[in-house]
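For reference, the chains in residue letters:
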Amino acid sequence: MKKLMLGNEAVARGAYEAGVTVVSSYPGTPSTEITENIVKYDNIFVEWAPNEKVACETALGASIAGARSMTCMKHVGLNVMADPVFTASYTGVNGGMVMCVADDQGMHSSQNEQDSRHYAKAAKILMLEPSDSAECRDFTKEAYAFSEKFDTPVFIRLSTRVSHSQSLVEEREKEDYILKDYDKNPAKYVMMPGNAIKRHVVVEDRIKALKEMSETTELNSVEENGAKIGVISAGIAYMYAKEALGDKVDYLKLGVIYPLPEKKIKEFAEKYDKVYVVEELDPIIEEHCKSIGVDVIGKDVFTLQGEYTPTMIKKAVLGEDAAPYEEIGEQIPIRPPVMCAGCPHRGVFYVLKKLGLIVSGDIGCYTLGATPPLQSVDTTICMGASVSAAHGMAKARGAEFNKKLVSVIGDSTFMHSGITGLVDIVYNKGNNTVIILDNSITGMTGHQDNPTTGYTIRKEPTKQVNLITLCKAIGIENVVVADPFDVKNFEKIVKEETEREAPSVIIAQRPCALLPPMRKKYSGHCEITDKCKKCKLCMKLGCPAISLAGDTVKIDVTQCNGCGLCTNVCPFGAIEKGDK
Amino acid sequence: MNIMIVGVGGQGTLLASRILGRVAIKEGYDVKVSEVHGMSQRGGSVVTYVKYGDKVYSPIIDRGEADIVLAFEILEAYRAMPYLKKGGKMIANTQKMNPMPVITGAMEYPSDIEKKLSEKINLQAVDALSLAEQAGTIKAVNVVLIGLLAKSMSVDKSVWIETIKETVPEKFIELNLKAFELGYNL
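First to last, the protein sequences are chains L and Z. Under my numbering, residues 1 to 580 are what the first sequence spells out, in order. Under my numbering, residues 1 to 186 are what the second sequence spells out, in order.
Be aware that a few hints might be false.
The calculated DSSO-like cross-link candidates involving lysine-lysine, where the alpha carbons are at most 27 Å apart (straight line), are [claimed, not checked]:
id, chain 1, residue 1, chain 2, residue 2
1, Z, K116, L, K3
2, L, K40, Z, K26
3, Z, K55, L, K228
4, L, K577, Z, K151
5, L, K315, Z, K139
6, L, K315, Z, K178
7, L, K266, L, K211
8, Z, K157, L, K2
9, L, K315, Z, K157
10, L, K554, Z, K96
11, L, K521, Z, K139
12, Z, K165, L, K40
13, Z, K139, L, K554
14, Z, K178, L, K534
15, Z, K86, L, K2
16, L, K520, Z, K157
17, L, K520, Z, K165
18, L, K3, Z, K151
19, Z, K55, L, K248
20, L, K3, Z, K86
21, L, K521, Z, K171
22, L, K533, Z, K96
23, Z, K96, L, K3
24, L, K3, Z, K157
25, Z, K96, L, K536
Listed next, with one range per pair, are the computed distances between beta-carbon atoms [to be verified]:
id, chain 1, residue 1, chain 2, residue 2, range
26, Z, M153, L, A370, 37 to 45 Å
27, L, K263, Z, S118, 39 to 47 Å
28, L, T456, Z, G136, 34 to 42 Å
29, L, K248, Z, F172, 57 to 65 Å
30, L, K208, Z, S154, 53 to 61 Å
31, Z, F172, L, Y272, 30 to 38 Å
32, L, Y41, Z, D127, 43 to 51 Å
33, Z, M1, L, E327, 18 to 26 Å
34, L, E223, Z, G136, 22 to 30 Å
It is worth saying that the hints were derived from the structure and are not from the lab. Just so it is clear, the structure is predicted and the values come from calculations on it, not from any experiment. Where is the CB? At the ideal position from N, CA and C, for every residue including glycine.
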């Protein structure tokens with residue numbers, strides 16, 4: 001029986017069917033649901049690691065110990081785990097090891113639009129790219145077979161539209177996989193120069209063997225329709241091309257993205273008047289074709305940015321226009337994402353904005369503190385950069401500037417890569433103020449547990465990292481815990497800590513409003529009473545439930561969850577908690 | 001068949017697209033459902049696509065290609081209008097939710113959207129929020145709208161009911177079926 005599955009769910013199914021027993025990942029859109037779906041299967045050790053580097057090393061260790069293992073991340077997570085990846089290419093594997101990386105063309109939920117395929121080439125690691133959920137399952141199983149056959153970790157490259165589209169998948173039986181024997185083999189696994197020099201030779205020989213495989217594998221397939229135009233494509237772009245061009249062109253669909261075949265491409269291309277390469281983001285296939293003397297049309301007619309659409313491809317290849325449609329004919333307001341009603345971060349940013357501070361920001365729901373009306377975040381770079389970049393800012397501009405500067409970082413992001421930045425501040429005599437936004441969960445990616453929550457991914461109770469003890473242990477003497485909804489007190493604490501000529505950490509503690517206990521705790525909704533003086537201070541909170549009707553402030557009961565933050569902000573006591 | 005579901009993050013568009021996807025499988029079609037997760041879900045414009053037919057390749061729908069647009073909020077309906085195929089049908093909830101540029105006063109919520117839509121396209125506008133309240137909770141807006149959608153499609157009603165029973169948590173089945181009927185019988 002075929003089932004509708006997300007691409008991510010199908011990768012998890014493939015891993016299960018292949019007999020994976022160790023999975024370690026860090027959440028990141030659009031990759032998160034792979035690991036979350038592994039949880040559905042018994043007898044697999046699965047975990048959220050503190051970051052992608054740790055996750056990758058855990059998966060590699062499991063592989064060396066003889067298990068089939070997996071690690072999953074978003075494209076920017078691959079940057080974090082790049083260090084072990086490049087050397088894992090040298091050590092190779094024992095049990096099969098698969099690394100799933102999900103790119104985010106169009107940046108639906110990311111800070112950049114990097115193309116992960118570069119990593120496969122740079123690290124000399126086999127990379128496969130499925131184009132729908134059925135292929136996600138199949139390619140994952142193939143990846144384990146390739147991994148063990150060629151003694152290499154294998155990348156599976158996904159993208160938002162493959163990861164987050166549901167299509168039909170047929171479930172198959174689970175393979176019996178027996179742990180490979182563990183042998184002490186320092187020549188293969190101890191990568192010091194003398195051994196690594198020899199392993200580099202192995203890597204180059206392996207690439208030759210993988211190229212041969214790429215010439216013959218069914219994953220790289222030709223589809224002939226007797227057309228005069230040829231199209232070379234892969235992944236989701238292939239699906240767009242297929243929909244746009246149907247049987248008006250012939251296709252070379254590439255399932256192996258690295259190493260790319262040569263003979264197969266040459267033989268395909270020589271049959272056509274024109275050959276197009278349809279690939280989102282960078283011209284990786286195109287440049288490969290050109291490097292082997294195959295004349296193709298690619299980025300001359302297709303953009304380097306964002307997602308493609310069938311319409312765009314139809315226009316570029318066949319010159320056909322888009323379907324007719326009705327234009328709106330007036331400027332309408334955009335609807336950007338906003339912090340939810342009841343979001344604990346709102347109290348923090350209300351205070352930071354009020355105090356006019358410079359805010360070194362980070363990656364999470366609280367990145368939305370950069371948008372109007374809270375608009376307080378100055379920088380957002382990558383996971384952990386809020387802490388270390390603020391350290392650099394303070395060193396560049398001195399003590400007075402530092403008194404106007406804070407870092408904001410979520411609990412999960414702090415565990416991911418904020419700790420090292422904080423150690424740097426302590427060690428190198430910084431006086432920064434770091435606000436850890438402790439909402440008891442990894443929020444943005446959809447509520448994953450992390451080392452500070454006290455639960456594992458399987459919701460088993462576990463030891464909980466105590467942020468206060470941790471900060472004190474690395475040498476922060478001033479650690480204050482405060483509720484960001486008590487805005488008066490929170491403001492007082494921020495003022496005190498930024499003035500202090502010593503490093504300090506403020507733990508802004510209040511759980512995410514979407515967590516079940518908070519959904520229970522918050523009830524009814526808030527109401528504006530006739531004490532309202534129309535000062536509109538509550539509008540500065542940027543709560544989606546509060547808006548103006550004429551010059552009167554109104555609370556939308558369908559959006560308000562009764563969190564009560566606005567009642568703490570109103571100077572006239574004009575907002576009350578209603579019961580209904 | 002191309003169906004586009006639009007709304008505001010948190011309104012339950014994802015559940016609606018999943019119900020629709022499952023119904024299409026039961027009818028024996030190839031199906032693709034494209035979802036939105038992550039940051040864009042947080043109170044922003046949310047768009048999901050459900051496509052079915054003998055064989056579906058692309059999971060996304062371009063401008064001028066949707067047979068049906070199911071809109072959970074009226075400004076989002078307006079935003080999605082260019083996606084409707086000539087001769088297609090839009091079913092829209094008349095509920096208004098202010099986006100942040102309106103809340104901050106940077107822009108105004110467009111006036112008379114229903115009228116503007118009706119002049120250009122085939123629109124069925126409905127106050128799904130009131131119907132959801134009748135069913136017992138404003139959160140059932142999505143299933144009220146699924147009921148309306150079901151009425152304008154040629155799939156047996158029992159298939160919809162069966163799918164809703166399979167998709168929603170057991171304790172909410174009764175409530176959701178009531179919401180479905182209110183939409184279906186409108």
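So, going through the hints one by one against the coordinates:
1. Z:K116 / L:K3: Measuring from Cα to Cα gives roughly 41 Å; hence the hint is violated.
2. L:K40 / Z:K26: 24 Å, holds
3. Z:K55 / L:K228: With a Cα-Cα distance of about 24 Å, the restraint between K55 of chain Z and K228 of chain L holds, given a limit of 27 Å.
4. L:K577 / Z:K151: 40 Å, violated
5. L:K315 / Z:K139: 42 Å, violated
6. L:K315 / Z:K178: With Cα atoms ~46 Å apart, K315 of chain L and K178 of chain Z exceed 27 Å; violated.
7. L:K266 / L:K211: Holds: K266 of chain L and K211 of chain L sit about 14 Å apart, inside 27 Å.
8. Z:K157 / L:K2: 23 Å, holds
9. L:K315 / Z:K157: 40 Å, violated
10. L:K554 / Z:K96: Within the cut-off at roughly 13 Å; holds.
11. L:K521 / Z:K139: 18 Å, holds
12. Z:K165 / L:K40: 21 Å, holds
13. Z:K139 / L:K554: 21 Å, holds
14. Z:K178 / L:K534: Status violated; Cα separation ~41 Å.
15. Z:K86 / L:K2: 34 Å, violated
16. L:K520 / Z:K157: 35 Å, violated
17. L:K520 / Z:K165: Status holds; Cα separation ~25 Å.
18. L:K3 / Z:K151: 25 Å, holds
19. Z:K55 / L:K248: Distance of about 17 Å is within 27 Å: holds.
20. L:K3 / Z:K86: 33 Å, violated
21. L:K521 / Z:K171: Judged against 27 Å, a Cα distance of about 21 Å means the pair holds.
22. L:K533 / Z:K96: Measuring from Cα to Cα gives roughly 26 Å; hence the hint holds.
23. Z:K96 / L:K3: 36 Å, violated
24. L:K3 / Z:K157: 21 Å, holds
25. Z:K96 / L:K536: 21 Å, holds
26. Z:M153 / L:A370: 37 to 45 Å: 42 Å, holds
27. L:K263 / Z:S118: 39 to 47 Å: 60 Å, violated
28. L:T456 / Z:G136: 34 to 42 Å: Holds: the Cβ-Cβ distance is about 36 Å, inside 34 to 42 Å.
29. L:K248 / Z:F172: 57 to 65 Å: 48 Å, violated
30. L:K208 / Z:S154: 53 to 61 Å: Roughly 57 Å apart at Cβ, these two residues keep to the hinted range, so it holds.
31. Z:F172 / L:Y272: 30 to 38 Å: With a Cβ separation near 56 Å, F172 of chain Z and Y272 of chain L fall outside 30 to 38 Å, so the hint is violated.
32. L:Y41 / Z:D127: 43 to 51 Å: 44 Å, holds
33. Z:M1 / L:E327: 18 to 26 Å: Once the Cβ atoms are compared, 24 Å apart, the range 18 to 26 Å for E327 of chain L and M1 of chain Z holds.
34. L:E223 / Z:G136: 22 to 30 Å: Taking Cβ atoms as reference, E223 of chain L and G136 of chain Z lie about 52 Å apart, which means the hint is violated.
Of the numbered hints stated above, those contradicted by the structure are hints 1, 4, 5, 6, 9, 14, 15, 16, 20, 23, 27, 29, 31 and 34, listed in ascending order.
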